[in-house]
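Number of protein chains: 2
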Amino acid sequence: MLPIAVDAMGGDNAPGEIVAGARRAAEELGVPVVLVGRPDEIGDTGGLEIIEASEVIAMDAEPGSSVRRLKDSSLVRAAEAVRDGRASAMVSAGNTGATMASALLRMGRIRGIQRPAIATPIPTPGSTPTILLDAGANAEVQPEWMVQFARMGAVYARDRFAIETPRVGLLSIGEEAGKGNPLVKAAHELLADGAWAADIGATWIGNVEGRDIMTPDVDVVVTDGFTGNVTLKTLEGAMQALIGRLLVAIDTDDTTRAAGAALAPALDAMVAELHPDTVGGALLLGVNGVCVISHGSSGATAMVNAIGVAAEMVRADMVGHLAATVA
Amino acid sequence: MLPIAVDAMGGDNAPGEIVAGARRAAEELGVPVVLVGRPDEIGDTGGLEIIEASEVIAMDAEPGSSVRRLKDSSLVRAAEAVRDGRASAMVSAGNTGATMASALLRMGRIRGIQRPAIATPIPTPGSTPTILLDAGANAEVQPEWMVQFARMGAVYARDRFAIETPRVGLLSIGEEAGKGNPLVKAAHELLADGAWAADIGATWIGNVEGRDIMTPDVDVVVTDGFTGNVTLKTLEGAMQALIGRLLVAIDTDDTTRAAGAALAPALDAMVAELHPDTVGGALLLGVNGVCVISHGSSGATAMVNAIGVAAEMVRADMVGHLAATVA
Numbered sequence: 005m006l007p008i009a010v011d012a013m014g015g016d017n018a019p020g021e022i023v024a025g026a027r028r029a030a031e032e033l034g035v036p037v038v039l040v041g042r043p044d045e046i047g048d049t050g051g052l053e054i055i056e057a058s059e060v061i062a063m064d065a066e067p068g069s070s071v072r073r074l075k076d077s078s079l080v081r082a083a084e085a086v087r088d089g090r091a092s093a094m095v096s097a098g099n100t101g102a103t104m105a106s107a108l109l110r111m112g113r114i115r116g117i118q119r120p121a122i123a124t125p126i127p128t129p130g131s132t133p134t135i136l137l138d139a140g141a142n143a144e145v146q147p148e149w150m151v152q153f154a155r156m157g158a159v160y161a162r163d164r165f166a167i168e169t170p171r172v173g174l175l176s177i178g179e180e181a182g183k184g185n186p187l188v189k190a191a192h193e194l195l196a197d198g199a200w201a202a203d204i205g206a207t208w209i210g211n212v213e214g215r216d217i218m219t220p221d222v223d224v225v226v227t228d229g230f231t232g233n234v235t236l237k238t239l240e241g242a243m244q245a246l247i248g249r250l251l252v253a254i255d256t257d258d259t260t261r262a263a264g265a266a267l268a269p270a271l272d273a274m275v276a277e278l279h280p281d282t283v284g285g286a287l288l289l290g291v292n293g294v295c296v297i298s299h300g301s302s303g304a305t306a307m308v309n310a311i312g313v314a315a316e317m318v319r320a321d322m323v324g325h326l327a328a329t330v331a
Numbered sequence: 005m006l007p008i009a010v011d012a013m014g015g016d017n018a019p020g021e022i023v024a025g026a027r028r029a030a031e032e033l034g035v036p037v038v039l040v041g042r043p044d045e046i047g048d049t050g051g052l053e054i055i056e057a058s059e060v061i062a063m064d065a066e067p068g069s070s071v072r073r074l075k076d077s078s079l080v081r082a083a084e085a086v087r088d089g090r091a092s093a094m095v096s097a098g099n100t101g102a103t104m105a106s107a108l109l110r111m112g113r114i115r116g117i118q119r120p121a122i123a124t125p126i127p128t129p130g131s132t133p134t135i136l137l138d139a140g141a142n143a144e145v146q147p148e149w150m151v152q153f154a155r156m157g158a159v160y161a162r163d164r165f166a167i168e169t170p171r172v173g174l175l176s177i178g179e180e181a182g183k184g185n186p187l188v189k190a191a192h193e194l195l196a197d198g199a200w201a202a203d204i205g206a207t208w209i210g211n212v213e214g215r216d217i218m219t220p221d222v223d224v225v226v227t228d229g230f231t232g233n234v235t236l237k238t239l240e241g242a243m244q245a246l247i248g249r250l251l252v253a254i255d256t257d258d259t260t261r262a263a264g265a266a267l268a269p270a271l272d273a274m275v276a277e278l279h280p281d282t283v284g285g286a287l288l289l290g291v292n293g294v295c296v297i298s299h300g301s302s303g304a305t306a307m308v309n310a311i312g313v314a315a316e317m318v319r320a321d322m323v324g325h326l327a328a329t330v331a
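For the record, the sequence lines run as chains A and B.
Residues 5 to 331, numbered by the numbering used here, are exactly what the first sequence covers, in order.
Residues 5 to 331, numbered by the numbering used here, are exactly what the second sequence covers, in order.
If you're looking for bench data, these hints aren't it; they were derived computationally from the structure.
Below, simulated DSSO-like cross-link-like pairs (lysine-lysine); rule was C-alpha separation at most 27 Å, straight line:
1. B:K75 to A:K183
2. A:K75 to B:K183
3. A:K189 to B:K189
4. A:K189 to B:K183
Away from chain A, derived, C-beta distances all over 12 Å, residues of chain B:
5. D48
6. G50
7. G51
8. E53
9. R72
10. D76
11. G89
12. R113
13. R115
14. F165
15. T207
16. I209
17. A304
18. A320
Label-pair ranges, simulated between beta-carbon atoms:
19. A:Q118 to B:G47: 54 to 62 Å
20. A:A62 to B:L194: 27 to 35 Å
21. A:R73 to B:E179: 18 to 26 Å
22. B:E179 to A:V330: 34 to 42 Å
For glycine and all other residues, C-beta sits at the position ideal for the given N, C-alpha and C.
Extracted from the complex, chain A is given alone in its bound form (with noise of 0.2 Å):
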């Protein structure tokens, strides 16, 4: 395999914690790594190759322009090292609209996709993780993209988590096929008769709510990219409130800081269960290559899950199904 581009210098905690990640990846997963970006501040690489970029486009810059103008960028010389067959596929923890972007300009789409898809897997107690697609990188789409999601989200669910006949689910407002906005309406009328699903093995299951998510009621969620990342949001802040209203309530006294203590692995099992470093980051899906899509707030352990499903994406042949599904 070839090795898997990671952005050193993209994401909170970089290049450190990147780092750290890959070498870890490397040696653990035994994953071909090769690191990109400004040779001085990487450090020691523990042997990993690095591809040399001399530019960093900052967390908050602009995405469009930065990629235009930041030619030598660990990004766009990441996704680079795709297109020119260097790399298997690239990971990155950075600006994510400067992610999708160095993606979208330098490997090109896969043909037949309109529009690529963040696709996150949102996980679900006791069951596969449900993934959420678009999860932000369309603030705007059109009903027929809608479709695609839906196909790109079906064969990611059985390439990724092995769900032979992924259950598809529109996010709407109410089950019924009349509940929603005009998109969501006019993407039901385009998903309802369900022969896009047919020749993939998917299922289609009509619409589904928030409360549906966490459920082991449905793999693959379709939705906007601005309901998306709103959706993916509010979970992340959920879980936040949650667990720090936990913390609060084991503090209550002596007797509960005790039984928090006895609790405590059981706690730290169900916190890396929900966590979404465990999932190891989100895909972008409809380009022509693997793009992993990590958590700025990405630590080593996240970048090994992360680089981890680059692979698996990579020895799947995701993208070539992908391809396959429009061709």
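With the hints as your guide, set chain B onto chain A.
Okay, now just chain B, sitting in the frame of chain A:
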């Protein structure tokens, strides 16, 4: 105070739990209550008066046509009681769409308000709840309506939670002004000058994200009814999933079960604080009367809280305050 009209026939647990809640509200809170519905099904009212209504709008009935057709339904009669000065407010756990339609058609809008909005308080650990609106009244909105939502939300935050200078944010997918879909960008432009906020003593804080909702950083979150409803249900689902997963963690082995028992009172307090029933339902802001929309699954305690909120809002003259803001 005129009595609160309670739709005895609306909700998954009607009329049993609804009547039980109404009786408890009268006894425990000293709030005058009148039940609306079928006397033979309501049973023992414990001395509460009944406004007879022979029809019931089903939970899954089409709202508009039901309200027009079922003129002697409990929902329509409850709204008429407010209009006719027989009741000071209405409360229903029934069909949400039909509750809105009844209130809108019978009470009418406050002059100057283009569309009513559902304002739902979201529990925020360690702080006053965050008011989310529109949580589902309008699947499609105009940017100008969102300015009215912002004003109504601020007035409500003050009357309901005594927040003197409510901080109002617009739900989007990034803090910067340019982030969002076309609707949000247009609303941002209208909201950004802050003049709408100055005369009502609110503070415009710009865009907020999904992860901010359950934090103490914002008091009123403005959004369209589609995004708001998805967000609300996503939060409900996240709470359910997390509390379910917590019970699994506690049920790991004898040690964790014992710890769980020791933690039970603190966890019960946590769940009570975060449970939607505790905050007592949503308000339909913008109709010419107090209309409380309770969760369909409301039990007696949720009804006590909802009736209490209705009485508080009547005493605070919230409708008068709303009318003054748009006069």
